[in-house]
Structures are given as C-alpha cells and as structure tokens.
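Heads up: the protein sequence lines correspond to chains S and E, in order.
With the numbering used here applied, the first sequence corresponds to residues 21 to 158, in that order.
With the numbering used here applied, the second sequence corresponds to residues 21 to 158, in that order.
Hints are computed from structural coordinates only; laboratory data are not their basis.
It is possible that part of the hints are untrue.
Which copy? The list can't say, so a pair holds if one copy fits it or any two copies do.
To be verified - Below, a list of computed lysine to aspartate or glutamate pairs in the DMTMM-like style, where the Cα atoms sit at most 25 angstroms apart:
| id | residue 1 | residue 2 |
| --- | --- | --- |
| 1 | Lys114 | Glu154 |
| 2 | Lys126 | Glu154 |
| 3 | Lys72 | Glu105 |
| 4 | Lys22 | Glu50 |
| 5 | Lys126 | Glu98 |
| 6 | Lys114 | Glu63 |
| 7 | Lys44 | Glu108 |
| 8 | Lys72 | Glu101 |
| 9 | Lys114 | Asp151 |
| 10 | Lys44 | Glu105 |
| 11 | Lys114 | Glu90 |
| 12 | Lys22 | Glu90 |
Protein chains: 2
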Amino acid sequence: MKLGTKGRYAVMALVDLAYYGQGKPLALTEIAQRQSLPISYLEQLFLKLRQKGFVASTRGHLGGYTLAREAEAIRISEILEAIGEPLETTRCDKSSSTGCLGTNAKCLTHALWAGLGAQMHQYLHGISLADVCERRVV
Amino acid sequence: MKLGTKGRYAVMALVDLAYYGQGKPLALTEIAQRQSLPISYLEQLFLKLRQKGFVASTRGHLGGYTLAREAEAIRISEILEAIGEPLETTRCDKSSSTGCLGTNAKCLTHALWAGLGAQMHQYLHGISLADVCERRVV
DNA sequence: AGAATTCCCGACTAAATTAGTCAAGTATGA
DNA sequence: TCATACTTGACTAATTTAGTCGGGAATTCT
Ligand code: FES
Ligand code: FES
Numbered sequence: 021m022k023l024g025t026k027g028r029y030a031v032m033a034l035v036d037l038a039y040y041g042q043g044k045p046l047a048l049t050e051i052a053q054r055q056s057l058p059i060s061y062l063e064q065l066f067l068k069l070r071q072k073g074f075v076a077s078t079r080g081h082l083g084g085y086t087l088a089r090e091a092e093a094i095r096i097s098e099i100l101e102a103i104g105e106p107l108e109t110t111r112c113d114k115s116s117s118t119g120c121l122g123t124n125a126k127c128l129t130h131a132l133w134a135g136l137g138a139q140m141h142q143y144l145h146g147i148s149l150a151d152v153c154e155r156r157v158v
Numbered sequence: 021m022k023l024g025t026k027g028r029y030a031v032m033a034l035v036d037l038a039y040y041g042q043g044k045p046l047a048l049t050e051i052a053q054r055q056s057l058p059i060s061y062l063e064q065l066f067l068k069l070r071q072k073g074f075v076a077s078t079r080g081h082l083g084g085y086t087l088a089r090e091a092e093a094i095r096i097s098e099i100l101e102a103i104g105e106p107l108e109t110t111r112c113d114k115s116s117s118t119g120c121l122g123t124n125a126k127c128l129t130h131a132l133w134a135g136l137g138a139q140m141h142q143y144l145h146g147i148s149l150a151d152v153c154e155r156r157v158v
C-alpha cells in the first residue's frame, strides 16, 4: 500500500503550477527543476493531464502549461484518477457482482477494504489544489 | 496505491481463523482451501504472525493455529504493520526532519500525504478482527 | 529565413518489487 | 512408525514501476 511516483509527481507538479504560475504559462523544465523531477517523465504525465482537461498548453518560445480550471475546483482525487493511479483496495470486479473468488457472494473482508477505499477517496476529494497551496491541510 | 497480497491474505486468514476456529486449532490447509490462498505462501505469513504474538501454533496431528489474543483486541492496522505491509504515503524519512529532497523543509505536498496516511491508519485502527467477523463495518 | 524553445507522442527498457515455489527439517498424536 | 502439520530459509518467475530515448511539430525571437 504505497503511493507511486505517477500520482505523487502529478500532484507535485500541479501544485507547483498553481503556486508559481500566475496565469502565465510555466515551462515543464522549470517545474521539473524546482521539484527535481525527471522531465521526460513529466511530459508523459502532462500529456494525460492536458487530454483530460486539467491544464492547457502553449507551444514555442515562452510557452508552457497553465491550469485549465480554477485551483479551487481541482480535487486531488480527480488528478489521481486522471493519471491512472488506481486506489485499489478491493480485489473483486467493482462492476460485476462476483466476489474476489468465483463465488458470487462478497468475501468477509470486502466491506473492510471497500470502506478503506471510500475513506481515502473521501479525504482526497475534500481537498483541492488551492487547499494544498495555501497549506489548509490538517 | 493498491493493497498487496501480503496484507490482504494475512487479514483474510486471520478473519477466517477468528470466524471458524472456536478455541480449537485450525490447520493452515483448511484455511487456505476455504479462502483459496496458496498454502506455502500462508506459511510465510503465519511465521511472522506467530513471532509477533498474534497466533499460537500447535504441531503435529490435529495441530494448527489459534488466535493468541482476543479477536476484539486485534486491530487491522496491527496486522498490516506486523506483516510488513507498509502504508507509505509520504516519501520523506519519517524520523529525520529532512524533506523528500535534500532540503530540510517539508515539500508542499507533505501535509497532504501525511494526512492521507493518518486517515487510513485511523480507519484501520478503529476496526478489530471481531468487527469484521460480525460484519460491523460500514 | 533560421535558430531556439517548448510541447507532442510512441516505443522501449532497466530495475525493483511482488507473489509466490521448493525443499528439507521438526514436533506431535493415532 | 506413520501421517499430519508446523518451521525455516533459499530461490525464482512474473509483473509492475519508473523511467529513458528519439524523432516530430508548433511558435516566437533575431
Ligand atoms: S474483495 Fe470484494 S469480494 Fe473479496
Ligand atoms: S513527502 Fe515529506 S517532504 Fe515531500
């Protein structure tokens, strides 16, 4: 149960973008340096973030990325989902009604893990990019 | 962010033990079959669980494992910690005061991830083996 | 125009971790 | 004494992660 770099870097980079970018585009190299993240890896992540509508890009000299939405309106949970950081606590297929084994009943621990997942999601849904920037996190 | 099999299997097995074992020792093969878990893998896990004092073992014919403590007194968080399921949300050394990079200040996202970790721990600490068995989980 | 800068995109790979297996031994009860 | 069951360490296959690499396309500065 550990957070991978994909989700971690995506959030770090977006926080940096919200924190240092005042409307003007920020180049990926700048973000990467400040947060000391591998730049070619960040490119991958921002590709997805743009496709999902979190950031907008400007090409060429003085180009870079800007937030496409208000920092107050971007929930951490959304970022993680967009980037493909799974948050998988249960093991059974969420859509079908079959449990983790073939049996179509849920296993004894299902409610436990589902509850954990819900707890995590609720926490991450309740915090926005702006909250992190302004250190409004308990 | 996904739960590994180590932690998952350990909890499943202990729940099974609490649920079906009434004081009498339960053989690992029985638990493994019922939960359809690989037995030689479970052996590894129960080694640790015994060393940490969660279960007691009886060898020989009709042997097996019993809970060494009351099911009400075993928190899920304890099991995960004992088995080595990390629950790592932050990346910085928890003991030292240095952040995830060399800087001795914490990064902007530290509080976010620390909060997530605390949230998870609190949830898992609030639930006992007995709670899972008797389906007292939201 | 040309050069520099920056995003765009897919393919590929090395390292780490996970999720086990295997084999040999020890203790106990029927 | 035989079958059952725990004990323990070493070893390995498969998967996932965490990236790298290379070439391209758009934009602006000189
Ligand atoms: S985890 Fe959902 S049924 Fe077992
Ligand atoms: S995660 Fe603790 S300082 Fe960055």
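Please work out whether the CA atoms of Lys72 and Glu101 approach to 25 angstroms or closer within one copy, between two copies, in both situations, or in neither? Within one copy only: 10 angstroms inside, 37 angstroms across.
Alpha-carbon proximity context of Lys126 and Glu98, limit 25 angstroms: Answer is between; shortest inter-copy Cα gap is 24 angstroms, intra-copy 28 angstroms.
When no copy is specified for Lys114 and Asp151, does a C-alpha distance of 25 angstroms or less occur within a copy, between copies, both, or neither? between (31 angstroms within a copy, 23 angstroms between copies)
For Lys114 vs Glu154, is the C-alpha pair at or below 25 angstroms within one copy, between two copies, both, or neither? between (36 angstroms within a copy, 23 angstroms between copies)
Within a copy, between copies, both or neither: which one fits Lys126 and Glu154 at a CA-CA cutoff of 25 angstroms? between (42 angstroms within a copy, 14 angstroms between copies)
Indicate which option fits the pair Lys44, Glu105 if close means a Cα-Cα distance not exceeding 25 angstroms: within, between, both or neither. neither (28 angstroms within a copy, 43 angstroms between copies)
Give the relationship of Lys22 and Glu50 under a CA distance limit of 25 angstroms: within one copy only, between copies only, both, or neither. neither (28 angstroms within a copy, 31 angstroms between copies)
At 25 angstroms max between alpha carbons, let me know whether Lys44 reaches Glu108 within a copy, between copies, both or neither. neither (36 angstroms within a copy, 35 angstroms between copies)
Cα distance capped at 25 angstroms. Does Lys114 pair with Glu90 within a copy, between copies, both, or neither? Neither way: Lys114 and Glu90 sit 31 angstroms apart in one copy and 33 angstroms across, limit 25 angstroms.
Tell me, please, which holds for Lys72 and Glu105 at an alpha-carbon limit of 25 angstroms: within, between, both or neither? This pair counts as within: shortest intra-copy Cα distance 14 angstroms, inter-copy 33 angstroms.
For Lys114 vs Glu63, is the C-alpha pair at or below 25 angstroms within one copy, between two copies, both, or neither? The answer is neither: 31 angstroms in one copy and 30 angstroms across copies each exceed 25 angstroms.
Since the copies are identical, ignore which copy is meant and state whether Lys22 and Glu90 lie within 25 angstroms (CA to CA) inside a copy, between copies, both or neither. neither (29 angstroms within a copy, 29 angstroms between copies)
Hints 4, 6, 7, 10, 11 and 12, counting from the list given before, are not met by this structure.
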